[in-house]
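Listed in order, the protein sequences are those of chains X and P.
In this text, residue positions in the first sequence follow this note's numbering: the first is 26, and each later residue adds one.
In this text, residue positions in the second sequence follow this note's numbering: the first is 5, and each later residue adds one.
Hints in this document: simulated from the structure, not taken from any laboratory.
Just so it is clear, the structure is predicted and the values come from calculations on it, not from any experiment.
It is possible that part of the hints are untrue.
[To be verified] Calculated lysine-lysine pairs in the BS3-like style (CA-CA distance at most 30 Å, straight line): (1) X:67 with X:96; (2) X:67 with P:46; (3) P:101 with P:82; (4) X:96 with P:61; (5) X:67 with X:81; (6) P:101 with X:67; (7) X:93 with P:61; (8) P:101 with X:93; (9) P:61 with P:82; (10) P:87 with X:67; (11) P:82 with X:67; (12) P:46 with P:101; (13) P:46 with X:96.
[What the hints assert, rightly or not] Not everything, but these chain X residues come out facing chain P in the computed CB check (under 8 Å): (14) 57; (15) 74; (16) 76; (17) 114; (18) 124; (19) 127; (20) 131.
[To be verified] Computed from the model, here is a short list of chain X residues facing chain P with C-beta under 8 Å: (21) 59; (22) 126; (23) 130.
Even glycine gets a Cβ: it sits at the ideal position worked out from N, Cα and C.
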Amino acid sequence: GESVGLHLPTLSVQEGDNSIINCAYSNSASDYFIWYKQESGKGPQFIIDIRSNMDKRQGQRVTVLLNKTVKHLSLQIAATQPGDSAVYFCAENPPGGYNKLIFGAGTRLAVHP
Amino acid sequence: EPEVTQTPSHQVTQMGQEVILRCVPISNHLYFYWYRQILGQKVEFLVSFYNNEISEKSEIFDDQFSVERPDGSNFTLKIRSTKLEDSAMYFCASKGKTGNTEAFFGQGTRLTVV
Chain X
26 GESVGLHLPT LSVQEGDNSI INCAYSNSAS DYFIWYKQES GKGPQFIIDI
76 RSNMDKRQGQ RVTVLLNKTV KHLSLQIAAT QPGDSAVYFC AENPPGGYNK
126 LIFGAGTRLA VHP
Chain P
5 EPEVTQTPSH QVTQMGQEVI LRCVPISNHL YFYWYRQILG QKVEFLVSFY
55 NNEISEKSEI FDDQFSVERP DGSNFTLKIR STKLEDSAMY FCASKGKTGN
105 TEAFFGQGTR LTVV
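For reference, chain P alone in the conformation it holds in the complex (with noise of 0.2 Å):
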């Protein structure tokens, strides 16, 4: 069954330093998305991109956040200046089409900042 693959599964990064995070989506996706889980809480939509660009963005998701398509394969999310209150798991999921259709979502990437 086609899944969702996101890299690193923790990453322990400095406050101040910049993170790369990873996702390879389901391979016939259109819709790409980011998600963030802080301990304990709920699931946060920050940002969706389609067609090679953000289509919509949360107010999390600040000047400090960015998300490229590089190759057609992957899909990163680039925290450029990690704050301690950025530590979270951070979900990427992708849909096949737009409309009323499931969202597929990675195992996620727990994201610690020291």
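Next up, chain X with everything else stripped away, as it sits in the complex (with noise of 0.2 Å):
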């Protein structure tokens, strides 16, 4: 079965809307979380990170919050924007090995103007 999974395939909003991107993992033993950004065409881009050792972190219009009880991630999206519109994907570290990512499945985000 899948590792990483999302709740939501697309999520459209307004611009100037705060967006919300959950994510559910299985590995209760993961101990790092990614948030990549996917724009059509292109690689993966970092977007923000977070150790199982803390439950949110905060950074530039973007917020991750880790919920280790549920094992549930989000991505928050402040004041969204037309340039936010891509494909989001939560990945996570599992134990061992070298710091392969397991991905989600992905959410679409679609901004209207």
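Combine both chains into one complex, guided by the hints.
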């Protein structure tokens, strides 16, 4: 089965609104999580990361929340802009190995003017 | 800003032919990866490479696949005899160190097998 999955395949928001993208992971021993943004025809671009010893981390207009109790990860984007339109992937780093990433299925964020 | 570069951006090949996808990781990075993404699907891990050898590989990475770091700069993925189902975007990634740090991805090579 999949180690990481997403609740919503597509999210449509109005420009200026806040967006919340959710992700569930199944490996409770994973200790590192990353959100990537992927624009059409491009590679995944790092947005923000969080370690398992934290429950919240803020960046510029983005916040990642980690709830280890329910194995849930979310990405909040404040004041969403048209340039935020992309597919967003969460990824987890399971224990052991050489830090491969297990990606979720992706959520498409569509920002409407 | 340093970046991972991949060539070519698009490769079309006939079924059964060999292809080599090329990557130049960020220069001081030590850990290298190949991932693939079938159209519309999630990114899947293929292989990790460290200290001039494969450190981990997925079930996808069968005997038809191989990786090499021939000259200390390039990092290549070879598919010996391509199949239609190998059609995908292939992404190279690199990390500077182990532990909890992000991997940087290239722009990808779109492989189309006809």
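Go through the numbered hints given earlier and state which of them the structure violates, listing their numbers in rising order. Of the numbered hints given earlier, the structure breaks none, since each of them holds.
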